[in-house]
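Number of protein chains: 2
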Amino acid sequence: MGWRRGSPWTVLLPRPHGKSFAHRSELKQAKRIVVKLGSAVVTRGDECGLALGRLASIVEQVAVLQNQGREMMIVTSGAVAFGKQRLRHEILLSQSVRQALHSGQNQLKDMSVPVLEARACAAAGQSGLMALYEAMFTQYSICTAQILVTNLDFHDEQKRRNLNSTLHELLRMNIVPIINTNDAVVPPPVPNSDLQGVNVISIKDNDSLSARLAVEMKADLLIALSDVQGLYDSPPGTDDAKLIDIFYPGDQQSITFGTKSRVGLGGMEAKVKAALWALQGGTSVVIANGTDPKVTGHVITDIVEGKKVGTFFSEVKPAGPTVEQQTEMARHAGRTLASLLPEQRGEIICSLSELLTEKKDEILSANRKDMELATGRLSQPLINRLSLSTAKLNSLAIGLRQLAVSSGNSVGRVLRRTRVANNLELEQITVPIGVLLVIFESRPDCLPQVSALAIASGNALLLKGGKEASNTNKILHHLTQEALSIHGVADAIQLVSTREEVEDLCKLDKMIDLIIPRGSSELVRDIQRAAKGIPVLGHSEGVCHVYVDSEASIDKAIDVVKDSKCDYPAACNAMETLLIHRDLLRTPIFDQIIDMLRTEQVKIHAGPRFASYLTFSPSEVKSLRTEYGDLECCIEVVDSMQDAVDHIHKYGSSHTDVIVTENEETAEQFLQQVDSACVFSNASSRFADGYRFGLGAEVGISTARIHARGPVGLDGLLTTKWVLRGEGHTVADFSEQGNMKYLHENIPVPQGNFN
Amino acid sequence: MGWRRGSPWTVLLPRPHGKSFAHRSELKQAKRIVVKLGSAVVTRGDECGLALGRLASIVEQVAVLQNQGREMMIVTSGAVAFGKQRLRHEILLSQSVRQALHSGQNQLKDMSVPVLEARACAAAGQSGLMALYEAMFTQYSICTAQILVTNLDFHDEQKRRNLNSTLHELLRMNIVPIINTNDAVVPPPVPNSDLQGVNVISIKDNDSLSARLAVEMKADLLIALSDVQGLYDSPPGTDDAKLIDIFYPGDQQSITFGTKSRVGLGGMEAKVKAALWALQGGTSVVIANGTDPKVTGHVITDIVEGKKVGTFFSEVKPAGPTVEQQTEMARHAGRTLASLLPEQRGEIICSLSELLTEKKDEILSANRKDMELATGRLSQPLINRLSLSTAKLNSLAIGLRQLAVSSGNSVGRVLRRTRVANNLELEQITVPIGVLLVIFESRPDCLPQVSALAIASGNALLLKGGKEASNTNKILHHLTQEALSIHGVADAIQLVSTREEVEDLCKLDKMIDLIIPRGSSELVRDIQRAAKGIPVLGHSEGVCHVYVDSEASIDKAIDVVKDSKCDYPAACNAMETLLIHRDLLRTPIFDQIIDMLRTEQVKIHAGPRFASYLTFSPSEVKSLRTEYGDLECCIEVVDSMQDAVDHIHKYGSSHTDVIVTENEETAEQFLQQVDSACVFSNASSRFADGYRFGLGAEVGISTARIHARGPVGLDGLLTTKWVLRGEGHTVADFSEQGNMKYLHENIPVPQGNFN
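Read top to bottom, the protein sequences are chains A and B.
UniProt numbering puts the first sequence at residues 1 to 755.
UniProt numbering puts the second sequence at residues 1 to 755.
Hints may contain errors.
With a Cα cut of at most 27 Å, we get these calculated DSS-like pairs of lysine-lysine [as the list claims (entries may be wrong)]:
id : chain 1 : residue 1 : chain 2 : residue 2
1  : B       : K510      : A       : K650
2  : B       : K510      : A       : K532
3  : A       : K532      : A       : K294
4  : B       : K510      : A       : K622
5  : A       : K307      : B       : K294
6  : A       : K562      : B       : K741
7  : B       : K507      : A       : K532
8  : B       : K317      : B       : K467
9  : B       : K622      : A       : K242
10 : A       : K369      : A       : K467
11 : B       : K359      : B       : K369
12 : B       : K510      : B       : K242
13 : B       : K467      : B       : K28
14 : A       : K159      : A       : K28
15 : A       : K622      : A       : K603
16 : A       : K532      : B       : K650
17 : B       : K360      : B       : K392
18 : A       : K507      : B       : K294
19 : A       : K360      : A       : K474
20 : B       : K532      : A       : K510
21 : A       : K507      : B       : K532
22 : A       : K510      : B       : K650
23 : B       : K474      : B       : K360
24 : B       : K28       : A       : K294
25 : B       : K294      : A       : K294
26 : B       : K307      : A       : K532
27 : A       : K741      : B       : K562
28 : A       : K650      : B       : K532
29 : B       : K273      : B       : K242
30 : A       : K294      : A       : K242
31 : B       : K294      : A       : K510
Every beta carbon over 10 Å from chain A, so not counted as near; a handful from chain B, in silico [to be verified]:
id : residue
32 : A22
33 : K28
34 : E157
35 : T357
36 : L378
37 : N384
38 : N394
39 : V420
40 : R499
For the record, the hints were derived by calculation from the structure and aren't laboratory data.
In this text, a Cβ means the ideal position worked out from N, Cα and C, and glycines have one as well.
All chains, please: the whole structure from these sequences, using the hints.
Structural data, given as structure tokens:
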């Protein structure tokens, strides 16, 4: 229909007839969708009354999908509950009028209501429910139609055909059919009577009704919403119950159904049978929770977008393990990796380094495939980042060999040793963090680098690379596993399928200990937003300042400002704001800086104070917090070093800030006061980098204030554990009645060699 | 009315006539509430169509409050927009029937609609909007009544009185009046004509209508929802614009209104005038966003619960600064604290220690006040925790003096020094984290301890103590500031008002760097859940294991198990699960352990394997992950040390795990393999504690895997920064064309003295 806002019609390709979708990512293509709403979804309220907000947001999502050009159908429950509500209300109203005539305030509130009969409730509820659906869908310019069905409507061939053609006609007219069982004439079915095989399914609840209907109408997708998250491998609430992401028909025996299912009529077993029946009929099925307030507002659209919500039923079992299984395998093998000798981890890295040279041809050939696929689809800078060469591989191999050497002393290093008491010794030692998830874009050379870092630090690793480099990543990962296998820990590093959504990975908070995004600051920001409960190592912003003091040397100021801004303007450690001491305005040093910036074609934006000093000012900045990431910068005037520090604290991102001055005392004050990860005097901001700092390999740059800050080397991938060795010591021994005393003597440890 | 679920009637005390509420926390008492819905709330859709889900959840909240016994009124907008919608729909329907007779599919979708006249839309929309409200409220057994008003209804005395008595009658009948301007007969008002003083307010938009109505009806609270977050001190979007939490009439001149307000008719300035008018009439006002999907579902109930949502208008300006101002003051003074000499920080701590002894009487007298107030209201254990004594103060003072001595080397310690190149030297030094928020319950002795830790580490500190200790906390905080003032940094430690909600504090993510909860594991869990984007240092669970190996010594096993479980069962480092090697079953060591547990009255729960070995088994555990925190534990049987490790990895919380064995190789394997913060051999789990580890003061115990792990001392309150000193160095100097080379020579640093 005519009225739609901001939702272009999705191009939906026809689905191969009779085949359900193999992957969640294909659900985007679903054209005809049946949404089944369990009565818990329609009528169970949270605090009081019915779940109106929930119903409205479900209508909202169905409307969005309908207005994308899909054909939506709703199978609804809840008429009985609605009827109860309505009849109570009517009775109360009629009573209240009578009572109000001869009673005071508040008596209404305590009035009791008669017990209501279910069939009458169904009749009364049906119209109320439909009125509500209609009122809601009208707001989206969508018409609805009411269809009441009974079991017989599917068994009688004539009735079945009538139903079928009516529904098709409605869909053709862009009308959303709302289907319910005719509870007023048909009694609620007997629970626990089995479904009759796969070819016939008896309609005894809305699960079987919706499955029957979806197959009859050749729907692409059936979304069954109730108050359970989906299918669990054991009864929910038991110690090891896990939500199943994808369920395959063959897996049925691996499921233990709880005896007391909360889902009532039909229960989970019946839901699964109905889902499998629909699947065999060619309709994909997702069972999900429609009552969880955290997801209700987008559960249906999320499912259609292919996100991991509830349980997806698929006929096609993929060859590899799921990402959850990969994580488990990685953690397990990672523990073995961590228990190897440092030399053994070094051997693995050296072996990987050798393989990069030996298997050069295979790698470059895989890379050429990616390049060919990318040509014309990606921009030239992205293609450059994608491409490998013999030279790149050689320098990679050299870097890895260096890392192998320097990593000897990372895991198991003793940081501290204390004699707590006689024969009670405490050690704090370095251990790996656990399972890392590294998400990287484009550059496939990231893969062996990051893998070597994980190996050196004894961490398990999940790698999620970009689709554009999938062939190159595959061979590089294969070589990494080959190297790992020399010590039997091939599984410690896993390549995650390109089909997995980054957002879903960021939710695996019990399985992944640290996420490291390697790529643009947009990537980092997105991941920081998506990560729920998992720490993210990275910085999303670099608003770096260079402050040129009144006592700066002309040459140093020019050199440092030029290098900070122009060496690589897209880097996070490039200067964004130049702070100039007021006394320098209209002096040679100021003019020379401006000339240099003009020569280098840097576009200048004026801060408010700077603008006020100029007659013809450059454009004034919109915000003093802008990260230009290009040959652009802001210039602002400050009164003093202290004023510069205040400006940096107010507008900076605590990444890297620089002072240029010949006055050592001013420099030291600045270095002491500025509260950023890196603070420099008379040196370019571009030095803020793991390699330039001499940390060996760089894990990333962090602007977080805890754990690791600034450029992060191998140490950022380590944590510590406390090991205490006693001889049956108890704390009671140290109480007033006990016979022991704490000594707390520091025992010297070898000087820490931080790499 | 009769039907309500789980919402007991709130007891609402009468409000002193004509006075608005002084604090948000008093809003819970609001009985008569006007909710004003701007047209953006009622009709502006997100993806397509109208904002139905939003409207429904607003109805839901109004219904909840109504069913708590409050008297709710709604002032609604949106009739015109609704009418547009409805008329379009009707026109399309009538066209579509005709077209369907002689056209193919999809043509409907491209049909255009005529331009509609606003007044007609209003008439058509009014009934649709009311029908929707009625359908929605009916679901909560709540009746609604429609009231259309015009400007004249308030000016004509007779009409005004009629309106007043009608509304009162409706409220008395427990009916929710829904009020709108009669747009069909009255033209939309002229914008930008001023409100007429404070005694008269002309009704020209729904802001002024709702203000007029709220005062007329002596409402306690007016909630004005639109699509802005509230009132900002500068136009939203500018660099420093801050949402004002509480606005006082006198503050009006401190606000800069943007020239281009997005809120259209009336704009923000008019909203504020209307709010101030209502306030002066005795009605409290909150302006908030009703369109933000993150809060829509609970914006109204949150406001009534006193949470920090939008801008609260109050006549009573509190004496002290807001918590945001306190945080700013703390950060500022904290930077000075960090720049002091270590000896100066030590002096402050010593001075605090002395004050605790000197001002003993004042402290104990304040403590007695708290105790008296608590008697009968708190349980005896809580009262014990609340009470201070001379002995407690003395031992506190001694602890503080020790900390003053040991803290000398915390801030500014050089961890690493590198000669990057000639005359380019890099240092990594320890610096404070920034602003800490410590939330503690009951025990007021926590305050000086935590304060001393913050002073020693140079951090700014916000303290949030429990209401039950407010008098004691006040005097202790006063003494802390007295001690800080000897070096001019009194503001570095702030005591947050007991009125502030913990949940609101946990949202100050740009202002607070680390949250440390000190108290029950429930407190920690709640805070971990509430903290958005701020790291939390703490552990919420301690499921600790003791594994008794087949080669364990009888005596050590008995001692370690007894101490681990019985020394202090409520502690997080107490044993929850005892793992026994299979070979020990029915041996003397096993029998003696069981006897000891029986003697100590420890209730035993059997793990599934243990239960299978027994004929008369104790109750089987519900979950192997239970933290009993009492004289209860689970016993489970394992086949080997490796099996014990696997059990611990599967069911443990990575806090503290212990092996008892005489076989050193088995012990070392266990210590190496178990991936917990603390792993012990032949020593009680109760040693996992900062004091027993010899860390001096304990900040807490962390089961996080990054930053700090296990018992955390002062080091956990420090981070690092990188300081680079050059002579105009640029990275270009080191390029292939440059004339410099990286040296990366480690320069020895004094052996790190970890405290």
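To see whether the hints hold, each was checked on the structure:
no.	hint	verdict
1	K510/B / K650/A	holds, 12 Å
2	K510/B / K532/A	holds, 18 Å
3	K532/A / K294/A	holds, 13 Å
4	K510/B / K622/A	holds, 21 Å
5	K307/A / K294/B	holds, 20 Å
6	K562/A / K741/B	holds, 20 Å
7	K507/B / K532/A	holds, 15 Å
8	K317/B / K467/B	holds, 21 Å
9	K622/B / K242/A	holds, 17 Å
10	K369/A / K467/A	holds, 12 Å
11	K359/B / K369/B	holds, 16 Å
12	K510/B / K242/B	holds, 12 Å
13	K467/B / K28/B	holds, 18 Å
14	K159/A / K28/A	violated, 33 Å
15	K622/A / K603/A	holds, 14 Å
16	K532/A / K650/B	holds, 22 Å
17	K360/B / K392/B	holds, 11 Å
18	K507/A / K294/B	holds, 19 Å
19	K360/A / K474/A	holds, 14 Å
20	K532/B / K510/A	holds, 18 Å
21	K507/A / K532/B	holds, 15 Å
22	K510/A / K650/B	holds, 12 Å
23	K474/B / K360/B	holds, 14 Å
24	K28/B / K294/A	holds, 25 Å
25	K294/B / K294/A	holds, 10 Å
26	K307/B / K532/A	holds, 24 Å
27	K741/A / K562/B	holds, 20 Å
28	K650/A / K532/B	holds, 22 Å
29	K273/B / K242/B	holds, 20 Å
30	K294/A / K242/A	holds, 19 Å
31	K294/B / K510/A	holds, 25 Å
32	A22	holds, 28 Å
33	K28	holds, 16 Å
34	E157	holds, 27 Å
35	T357	holds, 23 Å
36	L378	holds, 28 Å
37	N384	holds, 19 Å
38	N394	holds, 16 Å
39	V420	violated, 6 Å
40	R499	holds, 25 Å
Hint violations for this structure: numbers 14 and 39, all remaining hints satisfied.
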